[in-house]
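Each chain is listed here by its residues.
Protein chains: 2
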Amino acid sequence: AQEDLLLAAAYVYDAQYNRNIPFETSPQAVRLYYLYNHWTMQAATYFFIFVDLFLAVFEDPAVYPLPFLATSLVEVLCLLVFFSRLVHFAKVTPRNVFWKDTKNICIMIAILVTLIDLIIYGALKISNINSIRWSRFLRPIFLINFAESRQIRRVFRSIRNTLPEITYVFLLFMFSVLMFSLMALKLFGDRNLRTVEGSPYFTNYLEIVFDLYVLVTTANSPDVMMPAFDFSWWYSLFFITYVVINTYLFMSVFLAVVYNNYRKHLKNEIRKLAYMKRHKMIEAFNILKVKEGTEYVVQEAQWKELVKLVAPDISTSHRELLLRVSDEEQKGYVDKKSFVRLADLLNIQVIAMRIQTHPLEHWIPHVYNSAVSLFIRSMVQHKGFVWTYDVIILINAVFIALDEENPLISYAEWVFLSLYILEILLKVYTYEPRAFFAKTQFWNWFDTSIIIAALIATILNTSLKSASQYNSQQVLDIVFILRVLRLIRIVDSIQRFRVIMNTLINIVPTMLTFGGLALVVYYMFAIIGMELFQGKIQFFPRNSTAHHALECGNPALKDSLFARAKYCKNNFNDITSSFVVLMELTVVNQWHDILSAAKLYFIAFHIVVVIMIINILIAFILEAFFVEY
Amino acid sequence: AQEDLLLAAAYVYDAQYNRNIPFETSPQAVRLYYLYNHWTMQAATYFFIFVDLFLAVFEDPAVYPLPFLATSLVEVLCLLVFFSRLVHFAKVTPRNVFWKDTKNICIMIAILVTLIDLIIYGALKISNINSIRWSRFLRPIFLINFAESRQIRRVFRSIRNTLPEITYVFLLFMFSVLMFSLMALKLFGDRNLRTVEGSPYFTNYLEIVFDLYVLVTTANSPDVMMPAFDFSWWYSLFFITYVVINTYLFMSVFLAVVYNNYRKHLKNEIRKLAYMKRHKMIEAFNILKVKEGTEYVVQEAQWKELVKLVAPDISTSHRELLLRVSDEEQKGYVDKKSFVRLADLLNIQVIAMRIQTHPLEHWIPHVYNSAVSLFIRSMVQHKGFVWTYDVIILINAVFIALDEENPLISYAEWVFLSLYILEILLKVYTYEPRAFFAKTQFWNWFDTSIIIAALIATILNTSLKSASQYNSQQVLDIVFILRVLRLIRIVDSIQRFRVIMNTLINIVPTMLTFGGLALVVYYMFAIIGMELFQGKIQFFPRNSTAHHALECGNPALKDSLFARAKYCKNNFNDITSSFVVLMELTVVNQWHDILSAAKLYFIAFHIVVVIMIINILIAFILEAFFVEY
Ligand code: NA
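Top line first, the protein sequences correspond to chains G and S. Counting in the working numbering, the first sequence runs from 1 upward without gaps. Counting in the working numbering, the second sequence runs from 1001 upward without gaps.
Quick caveat, the hints were computed from the structure, so don't treat them as lab data. For every residue, glycine included, the Cβ atom is placed at its ideal position computed from N, Cα and C. Treat the hints loosely; a few may be bogus.
[As the list claims (entries may be wrong)] If you anchor each label on the Cβ, the simulated ranges turn out as follows:
1) T1241/S x G535/G: 57 to 67 Å
2) R1154/S x W445/G: 37 to 47 Å
3) P164/G x W1445/S: 22 to 32 Å
4) T1241/S x Q473/G: 16 to 26 Å
5) K1465/S x N192/G: 17 to 27 Å
6) R1498/S x K264/G: 17 to 27 Å
7) S1232/S x R31/G: 30 to 40 Å
8) V1097/S x P164/G: 34 to 44 Å
9) K272/G x V1097/S: 52 to 62 Å
10) S1449/S x R157/G: 40 to 50 Å
11) K272/G x R1496/S: 23 to 33 Å
12) S493/G x S1544/S: 51 to 61 Å
[What the hints assert, rightly or not] Here are the simulated lysine-lysine pairs, DSS-like style, with alpha carbons at most 27 Å apart:
13) K566/G x K1536/S
14) K264/G x K1103/S
15) K272/G x K100/G
16) K336/G x K308/G
17) K427/G x K383/G
18) K91/G x K103/G
19) K1125/S x K1536/S
20) K1267/S x K558/G
21) K1291/S x K1308/S
22) K1599/S x K599/G
23) K1304/S x K1336/S
24) K439/G x K427/G
25) K186/G x K1103/S
26) K264/G x K1264/S
27) K566/G x K1272/S
28) K465/G x K439/G
29) K272/G x K186/G
30) K291/G x K103/G
31) K1566/S x K1536/S
32) K1272/S x K1103/S
33) K1267/S x K267/G
34) K558/G x K1264/S
35) K291/G x K272/G
36) K264/G x K291/G
37) K1186/S x K566/G
38) K1465/S x K1536/S
39) K308/G x K331/G
40) K1267/S x K1289/S
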């Protein structure tokens, strides 16, 4: 019976968290399944996934170089963890399901390929031949394909479904770009016009195509138009028509296609999830059911045991409440219909809203209810208290902007810090501390942690300064940031702002999924970019006297816009620089200058990130906003 | 009875075209109302509105200068037309309605203000004092407020409704920008960093705010980040966080708010329109109703007279069809329920799909049905015919890209032109011409007009060339454009492209409304920009030896990015240049360089056009696409 209960609890648990892993029902497999889903195992998997991704910081070309032996040992360790996780999964899930699942095949191939690459690279390194760790861009596959990353996989599925439609629109869009380029060639090619740099203007078809593609992102506007516009203002109409059609119309159509598909896909997913949830709850019911009169039911005792297993940390009163809802007529058993609802019931947060007395009132009632104390408490609860602190925040903002070197200002900082600490103490004195620091009180948590962190950082900074005359820039930076963050509080005082802020905060979980997706794509592009372009461009500090320092160490960049704008640090020489460059390419400004040598890499990045990923982000936000606001 | 019919027809007509003008019901007023709505009167009003707007081309600072006397006389004429149109409207509509309508008050004030401005300007001009025609930015008021521009007014209403919500989000956004600026000041202000131009980096709070505001539009990325990034790559995190929050998150929230409001507003408008339509049809019914047994009805004869009045150009068979639908049981009268539906019935396009015989078959059946003719016709209907011409188009594209000077290429153009003409002739020979050129056959119309225009332009160009050795650049440009446009046809051969193209074509009417809106906003900003900035920057042709030619005639611009990028023609010296500059500001690239002296004008333009108007455009397209696709 205990084994039946465990199996049923596994089904309920899966239903509650929308998990869709088919598992063997033998007692041993169920126990292994519990282990597989234990949070420590999941956390460990994620930890090693991120260690694996993070290796790029230490591998050649490295931010912080480590010997190949060290990084390769860590990588092998990661692969071992992934492999054992996979073996564990294979023990849990039926054999035929396991081998049919592309996720598992992907992981196995990725492990194998990485091992082969490691061996080849190591062997070549021993023979002093430098090669490329070409398999590294596969690492995000582990992030996508381990069972915990359901949300990210869902987005990838959504992208795959959007692909055919997007492709047709994209082809039409490219057709339009090619047509306009042909027109540009005919209109401007024979005019002997020159660009600002003095090169011939619009004479080569492929270059025109690239220039006009860049114009879609508006990155080279108005430069690309100026020679023609200088020649005759009529020609500006050509470019305006181009921008209206290709930037505004087509880019909006891309958004429309992605958003439309996202909504459609989301609806399907939700329908499927609801079906799966119901299916699993019925499975659990069928395990525990007994016949009671004409219908099958689950006995109250069994039901309670099940709930204890599924949700061990809920209170007895909460469990009784759930039973009341599930067995409304108190018949001593739960019928099928009520049982199926259990997964949803468990997901409802029950907030115990008992009006608790303040601990101080409990310990020292005389003092806490004295006239002075009552006055303080009513003062804190008064609206004027909030307003006073709003004014203090505003004055604080002015002081922050003033010069730090002035001793009066740096003294004032202590005053403000004391005032904020006093505020928190007063509030905790007045309001019940457990209510004040409840999970839902985001702003109280925010305030308190910012103030405490600022207090610690400021003390640390002052003691460092007085002890060793050493002004740690890092600590000081953190102090500054915390100081400014403190000001955000003022937003919370205005009802309308609070509504918008709450909407934004509620978007965060969706944004995290998006962050995972962005990480995958960025990582792949960053690794490929590093392998292709590392060392091509070098950064030299200001006033460096190194050879070719002004041309970013590359004679080919002499007099280029890139070198003139001092973009030398925009390179692919390590993983952090690569990420920064990719971020710059994402906002598509000056990207044609940043990567002028790598047009194809570029266009690929633009199609994947700006046309697909950013539109998915906007679709995310639009949908989340419509639901929340 | 005829007067009753006219009144009822006016109601039906208004219901059919969703017109909401309350009019007096006296016979004379109804007749005036008909005149008011006559298309010639409406066309005349629009004509004078556009003449009035177009005056900016000829007024100082002019593209084509005309004496003040000429432009002011035309303007007075326009104002007279507007005034008489208003008087006409006052005769039609009840007096109290007229004076309550802000539209009319707006027009009157605009007329008055313009007259005063004209008189003052003229008087000063006579005394040789140069002043400003400050009332000119009011001109779009006539475009907005005349009764025909319902759609544009609807969008403006929608903007007004969105304003409160947008304002709160905008304030929060500005708060975020101010916070980040404060952080930037603390983090980078004391570092002695320098920008590329050598000026101090992030030391002045207001300048930081502006720089970071520009970064929201991504226009100064990555330049604004480079000094901090060069100092330490950690600081790139500051800018990445900034861009994610302010560019991606907030800009998407703006879109969400605008789009959400647009949808809500649209729903309300549609509901209101449906109510008004029904209301008007009931008014019409009440005028014509007679008692038939227990219910009120409209007699068949009356009904037919009414339809003849409302839709004079529909065929008798079409009218009979409408009667059949409205009087299904052929009782000789139309009841209230059926009568109310008439407005919608009239809007349904009935396409007479009779399979007509080809006129040639009628005239010369022997020839048309001969073996050769049948062979030709089956050939044209064959799929291979389309494919052949697709191949011809592709070859043509290659020829267009090749050098024009080669006589063989220019001879080939004649071959292609003949081939296209042959194709159209063959199609008209095979398919029934009236069906081929039906209203719905967009592509046939497109092809034929492009080919005929290209034929005319090419002949014109060749004869000009052979007659006078003069190669008219304008004609040649048109020939080139037409030649490339011809290639668009290939899109029509592929089913999936055709679907997308049709969606895009169906968006056109919505885009026209948007074009009106954009015209209003651009015109106002252009006029204000011209008054503020005219003459500040001058354009000199390449190799000009004029004084300060390299600094756009303005010594203050020496060594500026603006002058170095040769942006001199981006000025407000006339209306066309102003429009081009505003277009460049709309795509927000290099805008901080283009208008560095006029930061406030700029931010205002960005808020109005990019945050409001462009988001409305995207909302338009999204909604249209969801409905169509
Ligand atoms: Na840009």
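Verification of the supplied hints:
1. Judged by the Cβ atoms, the range 57 to 67 Å given for T1241/S and G535/G is violated: they are separated by roughly 29 Å.
2. Between R1154/S and W445/G the CB atoms are about 46 Å apart, so this pair conforms to the stated range of 37 to 47 Å.
3. Evaluation of the 22 to 32 Å hint for P164/G and W1445/S yields a pass: the beta carbon distance comes to about 31 Å.
4. Checked against the hint of 16 to 26 Å, the pair T1241/S and Q473/G passes, with Cβ atoms roughly 19 Å apart.
5. Distance hint for K1465/S and N192/G: a CB-CB separation of about 20 Å, consistent with the stated range 17 to 27 Å.
6. Against the hinted window of 17 to 27 Å, the Cβ-Cβ separation of R1498/S and K264/G comes to about 22 Å, which satisfies the hint.
7. A hinted range of 30 to 40 Å is violated for the C-beta pair S1232/S and R31/G, which are about 51 Å apart.
8. Between V1097/S and P164/G the Cβ separation comes to about 55 Å, which falls outside the hinted range of 34 to 44 Å.
9. Separation of K272/G from V1097/S is about 57 Å and conforms to the stated range, judged on CB atoms against 52 to 62 Å.
10. At about 46 Å, the CB distance of S1449/S to R157/G agrees with the hint of 40 to 50 Å.
11. Range check, K272/G to R1496/S: Cβ separation about 28 Å, and the 23 to 33 Å hint holds.
12. Between S493/G and S1544/S the CB atoms are about 59 Å apart, so this pair conforms to the stated range of 51 to 61 Å.
13. For the hint pairing K566/G with K1536/S, the CA-to-CA distance comes to about 30 Å; that exceeds 27 Å, so the pair is violated.
14. A distance of roughly 43 Å separates the Cα atoms of K264/G and K1103/S; the hinted pair therefore is violated under the 27 Å criterion.
15. Taking the CA atoms of K272/G and K100/G, the gap is about 20 Å. The hint holds against a cut of 27 Å.
16. At roughly 19 Å between alpha-carbon atoms, K336/G and K308/G fall within 27 Å of each other, so this suggested pair holds.
17. Restraint check for K427/G and K383/G: satisfied, since their Cα atoms lie roughly 13 Å apart, inside the 27 Å limit.
18. Distance check on the hinted pair: K91/G and K103/G sit about 16 Å apart at the alpha-carbon level, within 27 Å; holds.
19. Straight-line distance between C-alpha atoms of K1125/S and K1536/S comes to about 22 Å, which keeps the hinted pair within the 27 Å bound.
20. With a C-alpha separation of about 59 Å, the suggested pairing of K1267/S with K558/G is violated against the 27 Å cut-off.
21. Annotation: proposed proximity of K1291/S to K1308/S holds, straight-line Cα distance about 23 Å (limit 27 Å).
22. The hinted pair formed by K1599/S and K599/G fails the criterion: a straight-line CA distance of about 34 Å is larger than 27 Å.
23. Only pairs whose Cα atoms come within 27 Å are accepted, and K1304/S paired with K1336/S is accepted, the gap being roughly 15 Å.
24. For the given pair, K439/G sits about 17 Å from K427/G by alpha-carbon distance, which is consistent with the 27 Å threshold.
25. The hinted pair formed by K186/G and K1103/S fails the criterion: a straight-line CA distance of about 48 Å is larger than 27 Å.
26. Among the hinted pairs, K264/G with K1264/S is consistent with the structure: their alpha-carbon atoms are about 21 Å apart, no more than 27 Å.
27. Between the alpha carbons of K566/G and K1272/S the distance comes to roughly 59 Å, so the proposed pair goes past 27 Å and is violated.
28. Between K465/G and K439/G the alpha-carbon distance is near 37 Å, which puts this suggested pair outside the 27 Å criterion.
29. Between the alpha carbons of K272/G and K186/G the distance comes to roughly 54 Å, so the proposed pair goes past 27 Å and is violated.
30. Distance hint between K291/G and K103/G is unfulfilled; the C-alpha atoms sit about 41 Å from each other, more than 27 Å.
31. At most 27 Å may separate the alpha-carbon atoms for a hinted pair to count; K1566/S and K1536/S meet this at roughly 15 Å.
32. Restraint check for K1272/S and K1103/S: the C-alpha separation of about 19 Å stays at or below 27 Å, so the hint holds.
33. Proximity of K1267/S to K267/G is assessed by CA-CA distance (about 23 Å); at most 27 Å being required, the pair is judged to hold.
34. Restraint check for K558/G and K1264/S: not satisfied, since their Cα atoms lie roughly 56 Å apart, outside the 27 Å limit.
35. Taking the CA atoms of K291/G and K272/G, the gap is about 30 Å. The hint is violated against a cut of 27 Å.
36. A C-alpha spacing of about 42 Å is found between K264/G and K291/G, which places the hinted pair above 27 Å, so the restraint is violated.
37. Between K1186/S and K566/G, the direct Cα distance comes to roughly 24 Å. Compliance with the 27 Å bound is thereby established for this hinted pair.
38. Of the supplied pair hints, the one linking K1465/S and K1536/S is violated, its CA atoms being roughly 42 Å apart against a limit of 27 Å.
39. A hinted pair counts as satisfied when its Cα atoms are at most 27 Å apart, and K308/G with K331/G qualifies at roughly 20 Å.
40. This hinted pair does not check out: K1267/S and K1289/S have alpha carbons roughly 33 Å apart, beyond 27 Å.
Hint compliance for this structure: hints 1, 7, 8, 13, 14, 20, 22, 25, 27, 28, 29, 30, 34, 35, 36, 38 and 40 are broken, all remaining hints hold.
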